[in-house]
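K.L.:
Sequence:
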Amino acid sequence: MEIGERIKHLREESRITQAELAKEIGVSPGNVGDWERGRAKPRFDALLALSRFFQISVDWLMTGEDTSYHKEVYPEKIVLQRQDLELLPLSNEEREILMKFRTLTESEQLKLKKLLDGKDTSTPLLKQ
Numbered sequence: 424m425e426i427g428e429r430i431k432h433l434r435e436e437s438r439i440t441q442a443e444l445a446k447e448i449g450v451s452p453g454n455v456g457d458w459e460r461g462r463a464k465p466r467f468d469a470l471l472a473l474s475r476f477f478q479i480s481v482d483w484l485m486t487g488e489d490t491s492y493h494k495e496v497y498p499e500k501i502v503l504q505r506q507d508l509e510l511l512p513l514s515n516e517e518r519e520i521l522m523k524f525r526t527l528t529e530s531e532q533l534k535l536k537k538l539l540d541g542k543d544t545s546t547p548l549l550k551q
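If you're matching positions, the sequence shown starts at 424 in my numbering and goes up one per residue.
It is worth saying that the hints were derived from the structure and are not from the lab. There could be a bad hint or two in this list.
Claimed, not checked - What follows is a list of derived Cβ distance ranges for each label pair:
1. 464 <-> 529: 30 to 38 Å
2. 534 <-> 486: 35 to 43 Å
3. 533 <-> 460: 36 to 44 Å
4. 540 <-> 467: 34 to 42 Å
5. 522 <-> 449: 33 to 41 Å
6. 541 <-> 436: 26 to 34 Å
7. 464 <-> 541: 44 to 52 Å
8. 488 <-> 536: 29 to 37 Å
9. 524 <-> 463: 26 to 34 Å
Idealized CB from N, CA, C, for every residue including glycine.
Given the sequences, and given the hints that come with them, work out the whole structure.
P.N.:
The structure is reproduced here in structure tokens:
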């Protein structure tokens with residue numbers, strides 16, 4: 424799989440259009456289309472923006488392999504800290520939740536954050 428195919432796969436998995444991805448990472452929709460079709464390759468700043476947006480390593484984006492860590496070396500010694508969690512790729516379910524969160528109004532996002540933090544006990548988790 425080439426870099427353009429990986430970008431397209433990530434974008435489709437996230438259920439966003441080329442235009443939406445372009446806006447999120449600060450490039451033109453034409454750039455995204457060219458990458459996906461293999462007509463061009465993203466510059467480093469775009470690779471960095473893509474890796475941050477999709478929460479994947481630049482290494483994986485470029486090669487399809489993630490060599491940034493090898494958990495099999497000492498799996499019992501791995502302790503993840505908060506900053507490490509921010510670098511882990513999202514599961515499909517987590518991406519879906521994130522995309523739904525982004526469609527909420529600012530007020531709805533704030534209510535959900537309070538609910539998740541345990542500060543809002545007035546909102547039932549499930550409507551009866």
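K.L.:
Note whether the CB distance of residue 534 and residue 486 lies within 35 to 43 Å or breaks it.
P.N.:
Since the Cβ atoms of residue 534 and residue 486 sit about 41 Å apart, the hinted range of 35 to 43 Å holds.
K.L.:
Quick check on a hinted range of 30 to 38 Å for residue 464 and residue 529, using CB atoms only.
P.N.:
36 Å, holds
K.L.:
Determine whether the Cβ-Cβ distance between residue 524 and residue 463 falls within the hinted range of 26 to 34 Å.
P.N.:
Since the Cβ atoms of residue 524 and residue 463 sit about 32 Å apart, the hinted range of 26 to 34 Å holds.
K.L.:
Does the Cβ-Cβ separation between residue 540 and residue 467 fall within 34 to 42 Å?
P.N.:
Since residue 540 and residue 467 have Cβ atoms about 36 Å apart, the given range 34 to 42 Å holds.
K.L.:
At the C-beta level, are residue 522 and residue 449 separated by a distance inside 33 to 41 Å?
P.N.:
19 Å, violated
K.L.:
Against the range 36 to 44 Å, how does the distance between the Cβ atoms of residue 533 and residue 460 compare: consistent or not?
P.N.:
40 Å, holds
K.L.:
Against the range 26 to 34 Å, how does the distance between the Cβ atoms of residue 541 and residue 436 compare: consistent or not?
P.N.:
31 Å, holds
K.L.:
Using the beta carbons of residue 464 and residue 541, state whether their distance is inside 44 to 52 Å or not.
P.N.:
For residue 464 and residue 541 the Cβ distance comes to about 45 Å; the hint holds.
K.L.:
When you take the CB atoms of residue 488 and residue 536, is the distance between them in 29 to 37 Å?
P.N.:
35 Å, holds
Of the numbered hints listed earlier, the single one contradicted by the structure is hint 5.
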